[in-house]
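K.L.:
If you want the building blocks of each chain, they are given just below.
There are 2 protein chains.
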Amino acid sequence: MQRHFVEELEALKTNLIKMGSFAEESIVRAIRALLERDADLAREIIAQDERINAMEIEIGDAIVDLLALQQPVATDLRFILAALKINNDLERIGDHAVNIAESALKYAGGEPVKPFVDLPRMAQVTKAMLRDSIDAFIHADSAKARAVLISDDTIDDLNRKIVAELVALMRAEPVLIEQALDLIRVSRNLERVADLSTNIAEEVVFVAEAHVVKHHAEEKPPSQSREAGPNPA
Amino acid sequence: MQRHFVEELEALKTNLIKMGSFAEESIVRAIRALLERDADLAREIIAQDERINAMEIEIGDAIVDLLALQQPVATDLRFILAALKINNDLERIGDHAVNIAESALKYAGGEPVKPFVDLPRMAQVTKAMLRDSIDAFIHADSAKARAVLISDDTIDDLNRKIVAELVALMRAEPVLIEQALDLIRVSRNLERVADLSTNIAEEVVFVAEAHVVKHHAEEKPPSQSREAGPNPA
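In the order they appear, the protein sequences are chains Y and L. The numbering of the first sequence is my numbering, which starts it at 1 and goes up by one. The numbering of the second sequence is my numbering, which starts it at 1 and goes up by one.
Where hints are given, some of them may not hold.
Identical copies carry no separate label here, and so any pair may be met within one copy or between two of them.
As the list claims (entries may be wrong) - Each computed PhoX-like pair below joins lysine-lysine, with the alpha-carbon atoms no more than 25 Å apart:
hint: 1; residue 1: Lys106; residue 2: Lys13
hint: 2; residue 1: Lys18; residue 2: Lys85
hint: 3; residue 1: Lys18; residue 2: Lys114
hint: 4; residue 1: Lys18; residue 2: Lys127
hint: 5; residue 1: Lys161; residue 2: Lys85
hint: 6; residue 1: Lys114; residue 2: Lys13
hint: 7; residue 1: Lys161; residue 2: Lys18
hint: 8; residue 1: Lys144; residue 2: Lys114
hint: 9; residue 1: Lys114; residue 2: Lys85
hint: 10; residue 1: Lys161; residue 2: Lys13
hint: 11; residue 1: Lys106; residue 2: Lys18
hint: 12; residue 1: Lys161; residue 2: Lys106
hint: 13; residue 1: Lys85; residue 2: Lys106
hint: 14; residue 1: Lys106; residue 2: Lys144
hint: 15; residue 1: Lys13; residue 2: Lys85
These are calculated hints, taken from the structure and not from any lab test.
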């Protein structure tokens, strides 16, 4: 039984990596659809959401089986429960990719508003956060997970800046209001993806340190470049 | 051991009811802060988010202990895993109450834009969805849960209508753009709360019918007023 359990854990990891890659790719492609005003690509992403939903159900079922049949305890139990949450977070990230693709589709039908600068940068940081959070989970790398938590501030700043610029634009050119709203929606969806990546990173720290970092993210460790011990809440 | 387990399950239900009430109350109060331009109330809601975060941690720990010590299987296992997801969803609902309170705070600092009609109605429907989803979970009432799934369409319609009206307003009076954006943000946050209530309702149907309704919500049962059997996916 023990060997079987180890194999099932490995299969679970592999499936979460696949799902994470798919979610990441969906976000990247949705942003490309927006920037290149590619309505076909946007429609394709919307249609492909079924795949990530199917992955969530499959992984969820595997986790329930693992819990019921193997009755794991301690570290294994915490790892599997973290996998369950991450499975849910990745499915939500897929939904945000669909939201971005829907905004891209609407946006492609109107006039472009202005050269984007911060939005591609925000997409890049978000993508890196998502990748690093999954990576940190698979390798139980809590230093990498803590770096993800810190990146979330960058995203919040970028989102604020993008929204402020778009509000100024709407004020100057009311005819562009709907187009600007599409872009605000994209920015907010990227912010949510970054939040969900942060949730994943928090799970990693939680499993690694058996410490709830979740609602204490602002209490950063004294040195952020290396592993720091948890502060008791 | 068995009696102990039953008691712990009851305690888990009680705590989820408490957390659900608190989340519901936070949403209702955040909307009141918006409508009555009550900045003090908004600040109070923001400050109280700590409480719901603490509840999430406490319930999460209790669930891990239940799984580790009692090693439940079958229906009990599914119920407990659903409780874990619902715990997470309720904490997110608390975050949306904070977002609404933040918008209320900003909004209270400027000019009111126009008499609200659809926003209070949307808040009311959302509140009922949240309450009914928790109720359905506690009483394993999948007919009530299915009714929640159907209400989500009302919310989507209201959100679309509110956003369209506010876009028209921004176009007519660009000076009100930021105030209108605050209201769009509130509408989106209510929509997310309704989504999360829908997630809770999906869990209930899942536990009750051991059938994944999640990504098939559009396949509504033929009769919506009574319990209908699941359609195989």
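K.L.:
Does each hint fit the structure? Answer for all of them.
P.N.:
Status of each hint after checking the structure:
1. Lys106 x Lys13: Result: close neither inside a copy nor across copies, 37 Å intra and 44 Å inter.
2. Lys18 x Lys85: both (16 Å within a copy, 22 Å between copies)
3. Lys18 x Lys114: neither (36 Å within a copy, 49 Å between copies)
4. Lys18 x Lys127: Within one copy only: 15 Å inside, 37 Å across.
5. Lys161 x Lys85: neither (31 Å within a copy, 33 Å between copies)
6. Lys114 x Lys13: neither (42 Å within a copy, 52 Å between copies)
7. Lys161 x Lys18: So Lys161 and Lys18 fail the 25 Å test inside a copy (33 Å) and across (38 Å) alike.
8. Lys144 x Lys114: neither (35 Å within a copy, 48 Å between copies)
9. Lys114 x Lys85: This pair counts as neither: shortest intra-copy Cα distance 38 Å, inter-copy 41 Å.
10. Lys161 x Lys13: neither (37 Å within a copy, 43 Å between copies)
11. Lys106 x Lys18: neither (30 Å within a copy, 42 Å between copies)
12. Lys161 x Lys106: So Lys161 and Lys106 pass the 25 Å test inside a copy (23 Å) and across (17 Å) alike.
13. Lys85 x Lys106: Intra 32 Å, inter 33 Å, cutoff 25 Å: neither.
14. Lys106 x Lys144: The answer is neither: 37 Å in one copy and 36 Å across copies each exceed 25 Å.
15. Lys13 x Lys85: Intra 13 Å, inter 20 Å, cutoff 25 Å: intra and inter.
This entry does not satisfy hints 1, 3, 5, 6, 7, 8, 9, 10, 11, 13 and 14, going by the numbered hints stated previously.
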